[in-house]
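Enquirer: Sequence:
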Amino acid sequence: MLFILLRTVLLKTLDYFWRDHLVNMNRLSSAVNVRSFGHRNPLEEYKIDGCRFFISMLSATRRFNCLNTSAVLVISYRISRTLCIINVRLIIKRKVYILLPCVKRQLLFRGNCFDSVNTV
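Going by the working numbering, 103 is the number at position 103 of the sequence shown; the sequence numbering is gapless.
Be aware that one or more of the hints could be misleading.
[What the hints assert, rightly or not] The calculated lysine to any residue pairs, modelled on SDA-like cross-linking and capped at a C-alpha distance of 20 Å, are: (1) K47 - L58; (2) K12 - R62; (3) K47 - V32; (4) K47 - M25.
Hints are computed from structural coordinates only; laboratory data are not their basis.
All chains should be built: construct the whole structure from the sequences, respecting the hints.
Expert: The structure is reproduced here in structure tokens:
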């Protein structure tokens, strides 16, 4: 389950940054056409800036994935730890109630187990 969650987070992050990269590349194509008036080769300018955008997209994706992955791992650890504590408490309560039914009265009335049994 954790693997599926991590995979989903990584793919959604990559998808988000890829869409942003495509929007930036579309804007770049119109900006490069303006640079052609400055007697520069528009194709070379597009290649150079496109490579820069792609590298920055990859580094942003890596940073964001590292942060998200660590957050998912911390949250899943806390959830699993909480669930383990709850399970242990439930198991202990069940065993105590099965073995010593007077403990329930002791917990409810905060009296001595033997006193509550003797008074009934």
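Enquirer: So, against the hints stated earlier in the document, which numbers end up violated here?
Expert: none
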